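Protein chains in written order, with the working numbering: chain A, 1 to 282; chain B, 283 to 468.
These aren't lab readings, by the way, just hints derived from the structure by calculation.
Model, not experiment: these values are computed from the prediction.
Treat the hints with care, since some could be wrong.
Stated by the list, open to error - Far from chain B, by Cβ distances over 12 Å, these chain A residues were calculated: (1) G25; (2) G30; (3) Y54; (4) G72; (5) D82; (6) D123; (7) D140; (8) H159; (9) M180; (10) K185; (11) T211; (12) K238; (13) G239; (14) N244; (15) L259; (16) I268.
Unchecked claim - Capping the alpha-carbon separation at 25 Å, the derived lysine-lysine pairs in BS3-like fashion look like this: (17) K333(B) <-> K155(A); (18) K464(B) <-> K435(B); (19) K394(B) <-> K212(A); (20) K173(A) <-> K117(A); (21) K394(B) <-> K463(B); (22) K196(A) <-> K409(B); (23) K326(B) <-> K307(B); (24) K394(B) <-> K196(A); (25) K173(A) <-> K155(A); (26) K155(A) <-> K183(A); (27) K202(A) <-> K212(A); (28) K81(A) <-> K117(A); (29) K435(B) <-> K26(A); (30) K258(A) <-> K409(B); (31) K281(A) <-> K258(A); (32) K394(B) <-> K197(A); (33) K409(B) <-> K463(B); (34) K394(B) <-> K258(A); (35) K326(B) <-> K365(B).
Backbone N, C-alpha and C define an ideal beta-carbon position, used for all residues, glycine too.
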Amino acid sequence: MLLLIGTLPIEGLKLHTGEATLDNGKLKIGDKKFTVIRGTSAMMAACCAICNAYNLDNPYCIVAGDIGAGDGSSSIYNYLKDNLYLLEPEVCAFHYIKPVLVAHNKVVDAINKMNKKPILIADAGYMYVAKMAGFASFYDIFTPDLGELAFLADKESPHPFYTRGFIFHMEDKAEELIEMAYKEKNAPKVLCVKGKKDYISKDGKIVKIITKPDIPVLEAIGGTGDTITGMIAAFTYKGLSLENASIISAKLNRIAGKLTNPTPATQIVDIIERIPLSIEKF
Amino acid sequence: MLKVNIARFLPQLKKKNKKVETRGKGLILFSETSEAIRAESILKKAGFDVKMVAPPYHLRKGCDLSIEFNIMEQLAVERILKKLGNPPLDIVPITEKMLEPVNILRETDYGKWIMIRTANMKLTFDKETRIIVNISGGGCPDVPYLANEMIGKKLEEAPSPRELGYTVCAYALNVSFENAKKWIER
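Chain A on its own, in the form it takes in the complex (with noise of 0.2 Å):
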């Protein structure tokens, strides 16, 4: 199974569950149907994109909203704590969930007992809550902004927004960051760094620097960091390794934006209907 984990922004949405497929523009998940926007419903259209081309299975999702007040992601944590077990994913994404310590190391403890550890993503909250615990390790990969990336550096940072500035400011500097972040023990065994130019390292080591095509305004866009999540995840879920799911998917994000003719305010729904078409280009 491949299991993608998130909240969406919909007030009093309660857990929901089921298969994942892209249905006019649309996410569905087992029978609701949801835009999509940046954050959650982005990475999981993305990766549906990617197991629809490529015939995978389609994703599981474990959605429920939450506009920031935590109680979706709190009924996302019970439920993770009391039934990951039973569904035996191979691969899990973790995406936009409220950092919570206690919570989240409960859901580790969840994953320790099961009989075979998945593969695991994490990425935008639950990647802070994950380096905020001490468990960067135990996962196999981040999919951290330049921004994020600084964060990871910073053992001090419970939070992008506290990166001690010293370390903010090597922003342009993104290889001496992630040889800190992995000295200080805050990156698991893959990061793939999302930005203007795009990093893999593997433990430690820079494996592919990604420049091309070139489109700068997709920095703007939201949502264009969670695309490449959510086809990592499809691709590693295919049997790819880490490092070349993040270089397909690096690349094949730059090519979806490309082909939309972007402009700062692209909406990121308009390059996931890319992405087929971005298959056949790469």
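With the hints as your guide, set chain B onto chain A.
This is chain B only, laid out in the frame that chain A set:
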């Protein structure tokens, strides 16, 4: 494409990483980040000299914020917060080094549009119409919600992340939002 670090143009944001003087200071703790954000508004409106800081490690429970203030004003602070329905979880004197928020801004000029970034939060707007066209970055659940509420609206008409948000990401987005409005006034 022009990249500018505009912190040097904004004296109030020039703080670098420096040793923070905490003698005589106290820390107001809350069970929820949203309560801390609301309390900061209440206390500033009431004239208290307060600022957001990260709680010390042993007091953190997640995506936390806390408020630093003059410990001498503890009773007054407690009184006003209780009166306005936002009582703190605890108030403690500061005994160890705190971390300050990243208040370094970066601008990216895309011609017709400009992106303003604070820490991990980026807000992009049309320079001429002042309409917010995109919000990116961040990882907390209120970011997609705030983006939905703000995109397509003019800067002066959009709801403030400070009013609608709950998390530190929302707090960072609010800094970008406020500085986008200042950019228009420049």
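For each hint, the structure was consulted:
1. No Cβ of chain B comes within 12 Å of the Cβ of G25(A); the nearest lies about 16 Å off, and the non-interface call holds.
2. Distance check for G30(A) against chain B: the nearest CB is about 20 Å away, which clears 12 Å, and the non-interface claim stands.
3. The non-interface label for Y54(A) is consistent with chain B: the shortest C-beta to C-beta separation is roughly 27 Å, beyond 12 Å.
4. The Cβ of G72(A) sits about 7 Å from the closest Cβ of chain B, inside the 12 Å cut-off, so the non-interface label is violated.
5. No beta-carbon of chain B is positioned within 12 Å of the beta-carbon of D82(A); the least distance is around 20 Å.
6. Non-interface call for D123(A) relative to chain B: violated, since the shortest CB-CB distance, roughly 7 Å, does not exceed 12 Å.
7. Its beta-carbon lying about 18 Å from the closest one in chain B, D140(A) satisfies the requirement of being farther than 12 Å from that chain.
8. Some Cβ of chain B comes within 12 Å of the Cβ of H159(A); the nearest lies about 5 Å off, and the non-interface call is violated.
9. Against chain B, the non-interface label of M180(A) holds: every CB pair exceeds 12 Å, the least being about 15 Å.
10. The Cβ of K185(A) sits about 16 Å from the closest Cβ of chain B, beyond the 12 Å cut-off, so the non-interface label holds.
11. For T211(A), the shortest C-beta to C-beta distance to chain B comes to about 15 Å, beyond the 12 Å cut-off, and the non-interface label holds.
12. The claim that K238(A) lies off the interface holds: its Cβ sits roughly 26 Å from the closest Cβ of chain B, which is beyond the 12 Å cut-off.
13. Look at G239(A): its CB is around 28 Å from the nearest CB on chain B, clear of 12 Å, so calling it non-interface holds up.
14. Distance to chain B confirms N244(A) as a non-interface residue, since its nearest Cβ pair spans about 25 Å, more than 12 Å.
15. Annotated as non-interface, L259(A) keeps its C-beta farther than 12 Å from every C-beta of chain B; the closest such distance is 18 Å.
16. The claim that I268(A) is not at the interface with chain B is violated, since a C-beta of that chain comes within 12 Å of its own (minimum 9 Å).
17. As the CA atoms of K333(B) and K155(A) are separated by approximately 23 Å, the hinted pair is consistent with the 25 Å bound.
18. The hinted pair formed by K464(B) and K435(B) meets the criterion: a straight-line CA distance of about 17 Å does not exceed 25 Å.
19. With a C-alpha separation of about 24 Å, the suggested pair K394(B) and K212(A) falls inside the 25 Å cut-off, and the hint holds.
20. Our distance criterion of 25 Å between C-alpha atoms is broken by K173(A) and K117(A), whose separation comes to about 34 Å.
21. Using a Cα cut-off of 25 Å, the hinted pair K394(B) and K463(B) holds, with the two alpha carbons roughly 16 Å apart.
22. Between K196(A) and K409(B), the direct Cα distance comes to roughly 23 Å. Compliance with the 25 Å bound is thereby established for this hinted pair.
23. In summary, the hint linking K326(B) to K307(B) is supported, as the alpha carbons are separated by about 16 Å, within the 25 Å threshold.
24. Between K394(B) and K196(A), the direct Cα distance comes to roughly 20 Å. Compliance with the 25 Å bound is thereby established for this hinted pair.
25. Among the hinted pairs, K173(A) with K155(A) is consistent with the structure: their alpha-carbon atoms are about 17 Å apart, no more than 25 Å.
26. Of the supplied pair hints, the one linking K155(A) and K183(A) holds, its CA atoms being roughly 10 Å apart against a limit of 25 Å.
27. A threshold of 25 Å between alpha carbons decides the hint, and for K202(A) with K212(A) the separation of about 21 Å falls inside it, so the pair holds.
28. Distance check on the hinted pair: K81(A) and K117(A) sit about 14 Å apart at the alpha-carbon level, within 25 Å; holds.
29. For the hint linking K435(B) to K26(A), the alpha-carbon distance of about 24 Å falls within 25 Å, and the restraint holds.
30. For the hint pairing K258(A) with K409(B), the CA-to-CA distance comes to about 23 Å; that is within 25 Å, so the pair holds.
31. Simply put, K281(A) and K258(A) have alpha-carbon atoms about 11 Å apart, close enough for the 25 Å limit, and the pair holds.
32. A threshold of 25 Å between alpha carbons decides the hint, and for K394(B) with K197(A) the separation of about 24 Å falls inside it, so the pair holds.
33. Straight-line distance between C-alpha atoms of K409(B) and K463(B) comes to about 11 Å, which keeps the hinted pair within the 25 Å bound.
34. Pair hint K394(B) plus K258(A) holds up; C-alpha atoms about 19 Å apart against a cutoff of 25 Å.
35. Between K326(B) and K365(B) the CA atoms are separated by roughly 15 Å; this keeps the pair inside 25 Å, and the hint holds.
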